[in-house]
Each structure stands twice: as C-alpha cells, then as structure tokens.
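What follows is each chain in one-letter form.
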Amino acid sequence: MALVVEAQNLQKNYNGFPAVAGIDFQIQKGQCFGILGPNGAGKTTVVAMIYCFHPISGGKLVVLGIDVNDDPRAIKKRLGVVPQENNLDLELSVRENLLIYAGYYGINRTVAEKRAGELLYFFGLADKANQEVDKISGGMKRRLTIARGLVHTPDLLILDEPTTGLDPQSRRLIWEHLRRLKKRGLTLILTTHYLEEASQLCDDLIIIDKGVILEEGNPLDLVNKQVGTKVVEVDVEATHMKALIQSVKHCISGYQPAGNTVYLFITEDETETVNILNASSYVHSYQVRPANLEDVFLKLTGRGLVYEEDANDESRSYAQTS
Amino acid sequence: MMKAEAMPKLHKLALYYSPVNRWALKVFTRNLFVFRKTWTTNLAFNIVEPLLYLAALGVGLGMLVDDIEGMSYTQFIAPGIVATSAMWAAAAECSYDSFVRMHYQKIYHAIVVTPINLREVVAGELLYGTFKSVLSGSIIMAVVAALGLVPSAWALLTPFVLVLNGMAFSQLAMIWTGIVPKIDNFAYFFTLVITPMFLFSGVFFPLEVLPPILQQLAWLLPLYHIIVLLRSLTMGLVSTDLVFHVLWLLVFILIIFPLPQYLMHRRLIK
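Line by line, the protein sequences give chains A and B.
Using this note's numbering, the first residue of the first sequence is number 1, and each one after it goes up by one.
Using this note's numbering, the first residue of the second sequence is number 1001, and each one after it goes up by one.
Certain hints may be false.
With a straight-line cut-off of 30 Å between C-alpha atoms, the simulated DSS-like cross-links for lysine-lysine are [to be verified]:
| id | chain 1 | residue 1 | chain 2 | residue 2 |
| --- | --- | --- | --- | --- |
| 1 | B | Lys1106 | B | Lys1182 |
| 2 | A | Lys141 | B | Lys1037 |
| 3 | B | Lys1106 | A | Lys141 |
| 4 | A | Lys29 | A | Lys210 |
Covered by chain A, per the in silico footprint, the following chain B stretches (three or more residues, Cβ under 8 Å) [what the hints assert, rightly or not]:
| id | region |
| --- | --- |
| 5 | 1114–1124 |
| 6 | 1145–1154 |
Honestly, the hints are just simulated from the structure, not real lab data.
We treat Cβ as the ideally placed atom computed from N, Cα and C, and that holds for glycine.
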C-alpha cells in the first residue's frame, strides 16, 4: 500500500483555539485529494501542517513515510507547494524565479535550466521567460507558481486554493494542467471552496468545517449518498415553506431551506414532486437539475434543523456559498 | 560536570548557531543575484552620502577645528564615516529591505517550504546584510585612502573589522524586523538606536571631551569599538589593546545571535 499522507487524530490549536480538532485521513499515491470547506474551516492549516510550516499540536502526521516531527527537511525536499497567496519573487524574471527556486533545493544550474525550460513550455509561459513577474497576468502568475512547485520533480504537489481570484477561463486552464499532471501519476492535494473544482479534479475528498471532517469520499458517491440524483429548487415565500415541505415530504429524500428558496432532494423520480408543485398556489417557480457537491455542502453546513425550530426567524438566510 | 537536565537546553541553544550553513548560503545567493542586477544604484547611495558628510564636515567644519591627536579633522572623522556608513548599510538592509521581503513579498514564506528552514533564512539575510555593509564600507575606505586620508597600510584590515560591524548591525536590525508590526515602526529603531550610535560613538569628536558617565555609556555601543579599531588601523596605531575591542564585538555578536531567529520564528510560525 502506498500511502503518501497519513493523519491520525491530527490537531492544531492557535492560542487554545482548535483550528483543526482531531481529524483522520489518508491519501494514496497518484490520487488527487481534495480538502473542501468554507473560508476559515481549517483547510490551509491542514496543508500547512503537511508541508511542515505549522508544527502539529497533537496526533500524528506522516508524510511520504516520514513523521513531520522527525525530519521536516527530508519531507520538504520531496514536496511541491503552491500557496494560496502568490509569493513569487518580484525582483526576478519569470525564468529566474524557477532557477533561483531550484537553487533552494540544491539542484545544479544545468539541470535547473533544462527543467525550467520544460516547465515554462508545459505551462505556456515560454514566451514570457524573460518578463518581469509583475508584468504578467494573474493566471500566468498562478501557473508560474505551480511550475515553481514542480521545479524539483516532487512526489507530491500541494495546492492551496489554486484558482481563487482567477477568471473562469484562467481557472479552466489551470484545471487542464492539473489533470495532465495527475495523468502523469503525480499525487495532488488540493484545498478549495469551489465545489466545481473539487468535482472536476478530485478522486477523493474530505469536507471540513470548524476543524472537523463532516464527510468524506468520492465526490459522486458523496452526492448520491447525501442528496440523491436530482434537486428541485423551489422559489416559495418563507411563510409557506413549512406547509410546502409537509406536502412533498413523502416523495423527497431531504431538503434544505435557504432564504426564499428550498432545495428538495430526490433520489429516484421527480414526477410526483413536480405534480404537487404545479398544483400548489404559493410556489412562484421551480427548477429541476442534477444534484451536485454544492448541495452536499449546503446540506452539511447549512444547519437545516434551525429552520424547523423557528420557521419565522428572518435571520436564517444561510445560503453560504462562499 | 554537566547535569543531565541541562543537556536538552544546551542542545536547543546549539540550534540557533547551526543555521550558518550551506542552506543559509542559498538565501544569501538569492539576494546576491538580485543585487547583481541593481548594484549600481544600490551602492551609489551608500557611497555618495558619506562622502558628502566628509566634504561638509571635514573640509567645512574642519577649517574651524584644530588637529585632534595629531590628525587633521578630516583624517579624524574619515574612519568614523566609513564605520557609520557601513552600519547604515547593514541596518537598512536587515530592517526595511528584509521587512519588504518578509512581509510584502512573502519571500520567507516561499523559501521555508523548500528544504531551507526559517532559521537559515534569517542567517542568510544576516550574511547578506553583512556583505553589503563590508562592501560599501570598504569602497568608502578606498575612496578615503585615495584622497590621502589614510596614512597606514594597516587599513587593509578594514574589511575584517567591517565584518564585525556588519554582523552586529544586521542582527540589531533583524531583531526589529522580527518585532515591528508595521514598516513605519523602523523609525524608532533608527531614532533610538542608530542615530545615537552615529552621534555618540566618537565619530565627530573624541569621547574624552564628554563627561565620564557618558564616556562609560559609549563603551556599551558596538559602533564605538568599531571606530576605535578603524581609527587605530588607519593611523597605524596598532597595539594589543585592540584585541579587547575585537573580543567585545565577538561576544556581542555571539550573545545576540539567537535573538533574530527566535523573534522571527515567533512572528511567522504559529
């Protein structure tokens, strides 16, 4: 069995605040492993412990067969890291960024030159090689940061929110590159709060919130298990929501209210639900669509129970998609 | 005999001195690489300003001042100008410039995910601050010598003294870089530490003219010892007394050496 990362009861406290509250997970070789969660969930903390930036507060963390407490340098030699904030060297050109970074790993100049050339070509940056880093676009900076993380041919690449802040086109281009890296057998760890990103790229993922794992598994299995196959989004006034849910309760597998919309989860066939909605006088509109990870996320973090306890509470707009 | 429980503590302390190694050298190399692109402007400011001081004070004020200890006033202040400008070079490098790299450019964060650790980053920065200090100080000394202000060949030892100078002030600056919340806060460092050092270490007047209590306080300033050394070398007044000043500086450097690393660690790694 080839485990790249193994975490047991992994904990991290910041001044007594538990940012990561005892989580277990395993990452296999060749996998793209996703860590999903809202902002502040603890995603960055988890990966920063893996790349030996933050010391762990408790539990056990073994990366590439080495305990993080034993020999961080040996681990870091074999890791590539793409941090959330671009921290390219602004005093160096595009190519020099790769060469100097290769130097940090002790790679000799000839090998570094060759490797830099290949990476610039792979990431479509060859014609920008001598540009100042400041002068290239956000998407290119991101690609250069990924290239930099690969300059020493690591066994594992860690990407912390690799596409946050990018336009959709640049984002898709990065996904394409990550897919190609995965095909070559590179193990990837990816944190993200873009659910589409996770479903596009990840073989396996954990959803975390407030430092604990809410759910884990393959994205598709997770959707089927938590939500079903389809979702009906119903636009209904909040005062009638409870009555509506009562009327369809027998033909749905679950639901999630968010403001003036309620998401009805359907496992098999939506016909009966749709009939009820058509007959209802207080449904403004509705829409049937395939279920996705976003629904899982909403269900897991949306605190749906609050709704049943207090149907008239105006403050329950918990459609956190961020 | 060392007690068994003292061992881990000693081991921990050794941790602070181990980062002067090949990994730190890679950080130094990175800075040197950038320096090679910008060295003309980078050095010009470091060199022009002290020469302006020398011209204004030496030639101007010097007209009103008698010889001091057998030196013309320009000769008297020349080694002090070399020492202070080298001090400024190290202090500026490891304060403003290091802060920009650490805080705005996040270069430390980028480096510590490679095999290099934060202690080595700090050590590399100190090496570079020292390098810049020695380089600009030596160039100024050469200019001063070309102006005929350096009678003794002992002045060739200047770079060695400047290594001590550079190390001491790179570290003092790096301590502040580990503490200050904002880049503006370096003003305190320069006003409270560097400027008094500049004025009261015996650059412009022999300390003997000060009240005894102030003379004794000057003994606590690293720059004072540097100036004694440089002035003695340039004038060829070499005696075993100088060893004491070298030792003072070495002890100072070694004692504060763990501090910048400790503070930077506390600042960046939670």
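Lys141/A paired with Lys1037/B [C-alpha distance capped at 30 Å]: At roughly 22 Å apart (the allowed maximum being 30 Å), Lys1037/B and Lys141/A satisfy the hint.
Assess, step by step, whether the Cα of Lys1106/B is no farther than 30 Å from the Cα of Lys141/A, and give holds or violated. Distance of about 15 Å is within 30 Å: holds.
Does Lys210/A lie within 30 Å of Lys29/A when you go C-alpha to C-alpha? Holds, because 27 Å separates the two Cα atoms, which is no more than 30 Å.
Would the pair Lys1106/B and Lys1182/B pass a check requiring their Cα atoms to be no farther apart than 30 Å? Holds, at roughly 15 Å.
Can you confirm whether chain A covers the region 1145–1154 of chain B, using C-beta to C-beta distances below 8 Å and requiring at least three such residues? Since three or more residues must qualify, the claim that chain A covers the region 1145–1154 of chain B is violated, with 0 doing so at under 8 Å.
Within 8 Å of chain A (C-beta), three or more residues of the region 1114–1124 of chain B: holds (count 4)
Checked against the numbered hints listed earlier, the structure breaks hint 6 alone; every other hint is satisfied.
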